[in-house]
Each structure stands twice: as C-alpha cells, then as structure tokens.
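So the protein sequences, as listed, match chains A and B.
This note's numbering puts the first residue of the first sequence at 1, with every later residue one more than the last.
This note's numbering puts the first residue of the second sequence at 264, with every later residue one more than the last.
These are computed hints drawn from the structure, not numbers from a lab.
Please note that a few of the clues may not be correct.
[What the hints assert, rightly or not] The calculated lysine-lysine pairs, modelled on BS3-like cross-linking and capped at a C-alpha distance of 27 Å, are: (1) Lys-438/B <-> Lys-417/B; (2) Lys-417/B <-> Lys-26/A; (3) Lys-94/A <-> Lys-467/B; (4) Lys-359/B <-> Lys-467/B.
The residues making up each chain are set out below.
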Amino acid sequence: MTSRLDLRRAARMTDYWAVVYRRTWKGTAISSFVVPLLYILAMGVLLGGFIKGDPSKLEGATSYLAFVAPGMVAAQSMTTVFGEVTYPVMGMIKWHRTYYGMIATPLGVPDVVFAHLAFVVFRVATVAAVFMAVMASFGVFGSVWGVLVAYLVQLLIGLAFAAPLYALTAAMKDESAFALVFRLGMIPMFLFSGAFFPVSNLSPPLEALAKITPLWHGVDLTRMLVLGHVDGSMVLIHVVYLSVLALGGWYGATRLLERRLIT
Amino acid sequence: MTRTPQPVSPAAARVGAVSDAMIHASGLRKSFEAGGTTVEAVKGIDVEVRPGEAFGFLGPNGAGKSSTMRMIAAVSPVSAGTLRILGMDPAVDGPKIRARIGVCPQEDTLDTELNVRDNLYIYGRYFGLPRAEVRQRAEELLEFVQLTEKASAKVEDLSGGMKRRLTIARSLINKPDLLLLDEPTTGLDPQARHVVWDRLFRLKQQGVTLVLTTHYMDEAEQLCDRLVVMDKGLIVAEGSPASLITQYSTREVTELRFALGENEAIAAQVEDLAERVEVLPDRLLLYSADGEETIAKVHERGLRPVMSLVRRSTLEDVFLRLTGRTLVD
Numbered sequence: 001m002t003s004r005l006d007l008r009r010a011a012r013m014t015d016y017w018a019v020v021y022r023r024t025w026k027g028t029a030i031s032s033f034v035v036p037l038l039y040i041l042a043m044g045v046l047l048g049g050f051i052k053g054d055p056s057k058l059e060g061a062t063s064y065l066a067f068v069a070p071g072m073v074a075a076q077s078m079t080t081v082f083g084e085v086t087y088p089v090m091g092m093i094k095w096h097r098t099y100y101g102m103i104a105t106p107l108g109v110p111d112v113v114f115a116h117l118a119f120v121v122f123r124v125a126t127v128a129a130v131f132m133a134v135m136a137s138f139g140v141f142g143s144v145w146g147v148l149v150a151y152l153v154q155l156l157i158g159l160a161f162a163a164p165l166y167a168l169t170a171a172m173k174d175e176s177a178f179a180l181v182f183r184l185g186m187i188p189m190f191l192f193s194g195a196f197f198p199v200s201n202l203s204p205p206l207e208a209l210a211k212i213t214p215l216w217h218g219v220d221l222t223r224m225l226v227l228g229h230v231d232g233s234m235v236l237i238h239v240v241y242l243s244v245l246a247l248g249g250w251y252g253a254t255r256l257l258e259r260r261l262i263t
Numbered sequence: 264m265t266r267t268p269q270p271v272s273p274a275a276a277r278v279g280a281v282s283d284a285m286i287h288a289s290g291l292r293k294s295f296e297a298g299g300t301t302v303e304a305v306k307g308i309d310v311e312v313r314p315g316e317a318f319g320f321l322g323p324n325g326a327g328k329s330s331t332m333r334m335i336a337a338v339s340p341v342s343a344g345t346l347r348i349l350g351m352d353p354a355v356d357g358p359k360i361r362a363r364i365g366v367c368p369q370e371d372t373l374d375t376e377l378n379v380r381d382n383l384y385i386y387g388r389y390f391g392l393p394r395a396e397v398r399q400r401a402e403e404l405l406e407f408v409q410l411t412e413k414a415s416a417k418v419e420d421l422s423g424g425m426k427r428r429l430t431i432a433r434s435l436i437n438k439p440d441l442l443l444l445d446e447p448t449t450g451l452d453p454q455a456r457h458v459v460w461d462r463l464f465r466l467k468q469q470g471v472t473l474v475l476t477t478h479y480m481d482e483a484e485q486l487c488d489r490l491v492v493m494d495k496g497l498i499v500a501e502g503s504p505a506s507l508i509t510q511y512s513t514r515e516v517t518e519l520r521f522a523l524g525e526n527e528a529i530a531a532q533v534e535d536l537a538e539r540v541e542v543l544p545d546r547l548l549l550y551s552a553d554g555e556e557t558i559a560k561v562h563e564r565g566l567r568p569v570m571s572l573v574r575r576s577t578l579e580d581v582f583l584r585l586t587g588r589t590l591v592d
C-alpha cells in the first residue's frame, strides 16, 4: 500500500489547497497580517522607545526596533505553522477523514503529506512577505540581499516546525495534548528564544536551553541576515540544524501518517 | 452508453477466471494488532468477482466485510493469501488499481466545508483528470444522483441521503470499472434507500461491476447477482439469493404464535410437520415447502395458535440460520 512520493500526483492536490486557501484566507488575514503590525508598533516602536539602542547589547542592532523586528518575523513564521498544522491535520485524520478520501484515489500518503506541508510553507511565505513589507516601511533593514535570503529562511523555519509537528500530530490519538504543545512548546519558545531580548540576558543554563530550541536558530539566522552581520559558521550551524529538523520531520510525518491511515 | 454483459458459459468463466476476474482472492487473510493482541478479521477467504456482476458481502457486524473491502480498495495490506484486483497486485500497483475503482466508504469522507460541486471537482482532480473534463463530469453526475439543485450548497447542510448520493457520485468521477460500496444505505430513510438502489441498478445495467457489503437482506436481494455470507472472518455460504434460499431454507415459512410459555412444549408436538422448527421467545417458525398444508396439519392435531401466517422464505432466514440469532455487539 505504501507508495513513493510522486510529485505529479502531489501536484493534483493544488486545486484542493487553492480552494481551502480561498475559503480561509479572510479568516486568517487578521492574525496573519494585522497582528504583526500591532506587534511592531507595540513592542518595536512604543516599548522599544524606552530601550537605549546600544549595538553592543543588541547583537549589533542600532535600535530595539531593528533588533526585535527580525525576531518577530521568525517567531511569526513559527506561530503560523502551529496554527496550520496541529488542529487542521488532526481534523483531516480524525474529524473529517479527508485524508481517507484522498488515499482512496491514486494519491498515496507521501503525496498527501508533501502537498499539505507545501501548503503550510506557502502560508508562511504569504505571512512573512507581508510582515517583511511592513518592516521595510519602518526602515529597519540592513541590505536587500540579506532581506531576500532572510525571507527564504522563513520558508526553512516554516518547514523545520511544520514537519516535526505534523509527525507529532499523526502520532497523537486525539487533540487533548495540543494544549500542552502550545503552552509548553510554542509560547515559551515565542517568549524566551531570543525574539524579544538577547538570549545572553538569560542565566547560562537557560541560555544553553534557549539555544537548543529551533526558534532560536531561526531568530538568530534571520537577525544576522537582516542586520547584515553574517557569521558564516553560525549560518551553517543554523541551516543544518533547521534542515535536519525539516527532513527528519518530513520522513517521520510520512511514516507516521502511513501507520495511522493504512491499517 | 449501455453495455450488455456477454453471457459466459460456466466453463468459459473457469478457463478465463484468473485473467478476466475483476477480483480474485484466495486464502485471503487480514489480522490486526489491537491492544497487544492479534485480531484475525479475515481468516482465509476465496472470492471471485466477474465483470458486470453485482456481488455482495453479507454478514453481521465484525464478520470481516469491511476489512475485506479495504483490502480490495488497495488501502489495506493483505496479511496472507493472494489478492488480485483487475489483474493487478495491490501491494505493487496500488495507485494503478485505485485509479480504476470507485469507493463509497461506510463513513462519509466528504469535505464538509466545500460545496457539493467542488467536492466532485476536487476529487476528480485527484485522479489527474483535466479540469474541463472534471467540470463536465461533475455536472453529469449531479444530474445522475439528482443533486443538480444542490450544486452550490455546502455539504454540511445536506441530509444524510443527499450526502450518500454525493459520495456515490464522487466514487463515479473517474468512470470506474469496479465500484465498491461499503454499506451504501445504512442510516438512510426508505425513500432515500430506494433512490440509491435505483441509481446502483442503473450502473449495473451500464456494465459497471458492483461489489457491496450490507446487512440489509432486502438490499442484497434487490441488487446482488451473487453473494457470500461471512461470519467470524470466514465465508459460510455462497451463491445467488435464490439458490441460497433453496439451499439453506425452505420455500415457505409458517409463523405460529401460541399463548406465552407454551411455545417450547408445542414445538415438540409439531417437530415432524416441517423440515426444521425454530423456537423463538414469542413464536414458532416452521420451515416447509407448503405453508398452508403445514397449518392444516397443525390444526388436525388440535392445536389452535393465537396467530398464524405463511410467508415466502427470504434471505434473512438464510442469514439468521447461518450466522445465528445472537447479538454480535
């Protein structure tokens, strides 16, 4: 029953995801597009107005706004993924059984997983594009190239979260553990992984812990590129770390959904 | 449009069996791991479904019907034995098989947030059909299942019968050679059931091979040319509805009701009047070729039932005889 990924087959789901997007984009517009603007205003401009822009303490940023903006882009890429993967994937497995309908056709589980992850990355791409356009209007970018690469990095961050989270969801019996995933996973990472303050402000053990989280790798990579202070070896570490999560999670997601659906 | 199935002599059918059969299963088994123990859902069955045939799997809940159907639909691996669908091995050619079959599952898997037309359109795209072709096909199928007026309605607003018809329409989007229906009318009201039967009958006339599971005997009698009765993972009988009745029941059944508590004692007195006598809590069933004659003999012995009636044997009598009257669930 298990089949290999076939990109031509996976592409047949484009119309499905286009319909889903047309149906849902208005509902997600506020959280995806308006909330980022509010964050930049509240945290970057208003709260940041009280913080002295000392580049030596802000990882090279000349203002708090310039420091926090790339951190928030990466954090927003993560939160978008949490919203797009957890409940929707559980719904397609369990509540609406949409996946069962899909795999009754020539489509296989690898095709289904690929198309769904591609859609999640597309969602991250739209959210990050809007967020970065908003940031550009505040004049916080160092170089155009850095920003373009940072934009592509958001897609990697998206997949690095989406794929393992998909695998986790496929392995979960029901949705009851999602509350824990959000409260003990997403929110602490959002707050403490360096998006809002330099992780060096944490005590050494907590700093080490923060640096294990995938969001810190995403935040640091995004910030380096946006501010134009690129450290090649750190870039490599971040990209490898996020890629391993993305590829390992993708593999796990496919295997676990197969185990769930093909009995 | 209408394809008449060619009459095939039994000998020819046997010779061509392996290559022509829509479904060929031998020694087919399915077991699951559930809660640390192995559950044997299907314990070795032999099935052969020929082109143009309407074939039924009958059985009580837990008999292994749905497990068998899932294996035939190429979404559930075979545990042991041989299975060929349209001449192909589902373990190797799953996608190719699924491209040529239609599946109407027991539980609806429609996208409840999409409208009726989009459900068909999107599903057709999964088969790689060109957009224009799927659009046209969707309109034809909406017509076929009488949902044209509901084309723009959301699925969640449809009645149970409409959802079923939509699921059937969806399973036909790829013009399947073989249509699998798992309990197609369970939960429908009588009107809706008759509409579904009518549509399935038309498909059969067009030459589509139908394979269905049901625990409604009238459904099996209406639709199936041939069927197997499954019980506890095994096939316990096989044949046409009429031949099964001949083989496992009598032509007629006489139902007699006596005063409460007398049934057991009276059963002993009438035992020799029928091929088989069954004692139920509220009545006696006497299986014989001529029910009126049986009643006359009962009266000759001075027995006066409170109520008596004679009816034709049905598939339900066969079913209950083969699978017992004990509740499964």
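Now the hints, each set against the structure:
Of the supplied pair hints, the one linking Lys-438/B and Lys-417/B holds, its CA atoms being roughly 24 Å apart against a limit of 27 Å. Annotation: proposed proximity of Lys-417/B to Lys-26/A holds, straight-line Cα distance about 18 Å (limit 27 Å). With a C-alpha separation of about 33 Å, the suggested pair Lys-94/A and Lys-467/B falls outside the 27 Å cut-off, and the hint is violated. The hinted pair formed by Lys-359/B and Lys-467/B meets the criterion: a straight-line CA distance of about 23 Å does not exceed 27 Å.
Consistency note: the structure conflicts with earlier hint 3 alone.
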